[in-house]
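Residues per chain, in single letters:
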Amino acid sequence: MQTPGTYISATGHILLIGWLFFGWGFDADPLEFDAMDVSVISGEAFEEMLAARTPVPGDASPTAPMLPEIVDTPPPLPPVASPVAPALPPETVDQPDVELPPPAAPAPLVTEAEPTPPEAPDTPDAPPPSPNVDINAPPAPTQADRVASTPTAPPPPDAQVDDIVREEVVPDATTTAEVVTEETTPTAPEETATEIAIENVKPSGLVDTSLRPVSRPSRPTPPAPEPATPTQTAETPAAPEPPSDDAVEAALAAALAVETPAAPATAAAPAVAAGPPMTGAERDSFRLSVNRCWNVDPGSVASRVTVEVAFELDRNGQVIGQPRLVSSDGDQSAVNIAFEAARRAILRCQSGGYPLPADKYEQWKDVVFTFDPSGMRLR
Amino acid sequence: MKKFLTLFIALILAGPVAAQNGPLRLTITDGVIEPITFAAPVFEAENAEAVQVVNNLNRLVAQDLAGTGLFREIPANAYISQISSFAQPIAFADWRAINAQALITGAVAVSGNQMTVKFRLYDIYSGQELGGGLQLAGTTAGWRRMGHKVADAVYSRITGEGGYFDSRVVFVAESGPKDNRQMRLAVMDFDGENTQYLTDSSTIVLAPRFSPSGDRILYTTYESGFPRINLLNVSNVGRQQLQTAPGEMAFSPRFSRDGGSVIYSLSTGGNTDIYRSDLATGQFTRLTSAPSIETAPSLSPDGSQIVFESDRSGTQQLYIMSANGGDARRISFGEGRYSTPVWSPRGDLVAFTKQNAGRFHIGVMRTDGSEERLLTASFLDEGPTWSPNGRVIMFSRETQGEAGTSALYSIDISGRNLKAVAVAGAASDPSWGPLQP
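Chains as they are written, first to last, in the numbering used here: chain A, 113 to 491; chain B, 323 to 759.
Sample of chain B residues facing chain A (criterion: CB under 7 Å; computed from the structure):
#	residue
1	LEU346
2	ARG347
3	THR349
4	THR351
5	ASP352
Pair by pair, the computed Cβ-Cβ distance ranges are:
#	chain 1	residue 1	chain 2	residue 2	range
6	A	ALA393	B	SER478	35 to 43 Å
7	A	LEU400	B	GLY723	48 to 56 Å
8	B	GLY453	A	ALA422	20 to 28 Å
9	B	GLN436	A	SER397	51 to 59 Å
10	A	GLU424	B	ASN435	52 to 60 Å
11	A	ALA422	B	VAL559	53 to 61 Å
12	B	ALA746	A	GLY442	42 to 50 Å
13	A	ASP426	B	ALA398	30 to 38 Å
14	A	GLY465	B	ASN435	53 to 61 Å
15	B	VAL559	A	GLY442	38 to 46 Å
16	A	ALA422	B	ASN377	41 to 49 Å
17	A	GLU424	B	GLY747	58 to 66 Å
18	A	GLY387	B	ILE420	36 to 44 Å
Just so you know, the hints here were simulated from the structure itself, not pulled from any lab data.
Backbone N, C-alpha and C fix where the C-beta goes; we use that ideal spot for every residue, glycine too.
Go ahead and model the full structure; you've got the sequences and the hints to work with.
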């Protein structure tokens with residue numbers, strides 16, 4: 113059953129197999145020829161290479177720390193040296209190699225290991241490696257070891273430039289007025305005083321400002337409709353001001369609340385029996401836990417009323433008795449509604465007690481909350 | 323001397339230290355907006371005759387409250403403890419555990435066609451009863467009113483605002499195609515129940531308005547071929563034409579807050595102005611005199627001012643003037659046309675119809691024109707009317723096209739809870755009456 117197809121197939125396969133055979137053979141030959149070309153080129157360049165080789169060690173010798181460069185240069189040397197002339201290159205190479213080790217590596221090593229007998233034993237020790245290194249391989253491993261063993265960390269301490277500077281600082285500390293400040297507060301626990309001052313000032317300012325922006329961005333937009341009022345048209349250019357006022361007021365309120373403990377803490381902390389002041393995180397945590405229970409009805413007249421509600425907490429963080437209205441603004445009936453909402457919020461979210469630091473009980477046993485719905489009002 | 327000085331300094335420093343022991347002050351600015359949860363276990367039936375009505379009554383109360391959008395009922399299958407007796411003590415912890423903020427308990431006794439309803443309201447989180455127990459007596463036929471009254475009491479005690487469930491609405495009941503529409507005056511409960519018709523459909527009637535006490539209704543009729551104002555007595559359906567100032571057309575009437583006089587529009591010689599007429603004496607006063615059209619007057623709750631619409635600026639806008647007339651100040655400045663202003667019973671807002679860019683809106687603004695908010699938008703929304711507590715606005719909405727019909731809707735002034743009022747047939751021009759005594 114030999115059809116034209118089988119012939120075509122057979123010839124095709126034969127061609128393919130043949131191409132594979134000859135193809136491999138042809139590929140192998142040109143590779144060899146290429147290698148020969150390389151050798152020819154090297155013969156012409158020998159003299160130049162030799163001429164260039166002497167300057168290489170010369171350059172390397174002065175720059176002792178440049179170890180990596182030296183490592184790079186040796187590899188080209190061996191192949192050149194082995195085929196052509198072993199005699200001349202070794203001599204030229206020997207001198208620079210001998211010169212190299214003494215300044216760079218041995219000096220630090222010997223001084224650290226044996227301080228007293230440097231002269232006689234050290235110099236013989238140094239030469240022995242050098243002849244070994246002279247030929248080919250030795251220089252590379254030794255240099256590698258040196259690089260690894262000298263991570264440049266030890267030398268700096270020896271130099272101790274930093275130490276000198278520090279020594280200069282020490283006398284400054286002794287001479288500074290810090291001692292005087294300590295004298296001013298001899299009886300009081302000084303450390304608590306300074307720490308309190310720092311804690312008070314930083315957290316309150318940082319946390320308040322960082323949390324505010326989350327809610328504020330939604331408010332600047334609502335004020336837009338307000339400008340329609342004739343009374344507020346004058347303020348329209350400052351449309352973002354209302355929120356900023358709120359923010360300022362809130363920040364002021366928070367700042368004032370913080371300042372009372374902060375001011376005495378910086379001045380004199382001895383009388384503080386209430387433990388460290390509450391951090392901004394603790395205050396925010398308390399506030400947020402009431403926020404989520406404060407149900408504001410934006411359609412109610414109470415949404416235009418701000419009320420201040422006071423209550424007492426026991427050590428478990430639970431409300432003692434009933435919250436009471438401290439102050440308010442606005443219509444009485446609206447105030448009553450607003451107070452009821454605030455009272456419900458305080459009672460509802462206390463389940464299990466508010467999460468407050470037990471060691472600061474004195475600071476949160478009496479609480480006054482200001483419920484300000486101005487940000488939730490319908491616009 | 324040195325000791326005195328140190329003592330003095332110590333005292334100064336001690337001052338602020340003492341202040342440190344003052345209360346912890348925090349400001350709460352971000353609350354939540356969510357319905358208040360309540361539980362309303364089925365009321366106790368104090369006798370066998372009450373068994374039938376007790377469940378209906380209980381459901382009506384829960385439906386009224388939840389229908390406001392301000393309350394959410396906790397389903398009965400979530401209850402931990404059951405209320406089997408009106409007098410039993412309340413296990414507050416059980417109700418607190420299911421997050422109920424209010425608990426309503428009740429008992430019903432029926433004897434013949436008379437019934438009494440008792441109920442108590444508990445504030446779960448303070449563990450106290452909210453207000454005292456209340457007992458209502460009435461007829462079994464009026465059980466819905468009693469249910470509304472219980473819901474009103476609960477609503478009022480929790481929100482601090484008046485309720486609006488036991489109130490009625492007068493409106494124009496419509497039937498027939500657009501080109502031959504039959505119109506009748508009708509009254510219904512606020513939830514669309516108990517509809518009663520006050521007039522026949524022999525003539526066109528428009529814009530009915532309840533009196534402040536709910537006993538009379540003003541409306542515009544075309545009985546004589548021209549619009550005139552009629553006064554209708556709700557109890558006996560007797561009606562008479564209002565004696566107005568001389569003019570071709572009188573329309574858009576409203577009672578004064580004391581119900582003793584009427585403010586309305588009168589058109590004469592092509593000019594429309596606002597007048598006031600005393601119901602007892604018939605004496606009238608012209609309140610506006612501009613050559614433009616002034617109409618749709620509405621009095622403030624204290625009766626001292628009138629808000630109305632005028633096209634004196636070229637388009638329909640809202641103005642406020644003294645109840646005795648005089649200079650008017652414009653309060654609407656947005657785009658579009660404003661009409662049918664209605665002063666809120668609270669006094670803080672004005673509701674209006676706004677037409678802008680081919681759409682109609684019901685909106686509210688403060689009485690100085692600020693804080694305008696559009697609550698609805700549709701092909702045709704118009705004719706807002708306030709609930710007695712100024713919390714909800716009802717209006718009529720007409721659908722587009724030949725087969726378009728009108729229906730009544732209500733919406734909370736917060737812009738939430740838009741609901742269709744379940745009225746049989748088409749309806750328009752609602753006017754919300756007062757809470758019934």
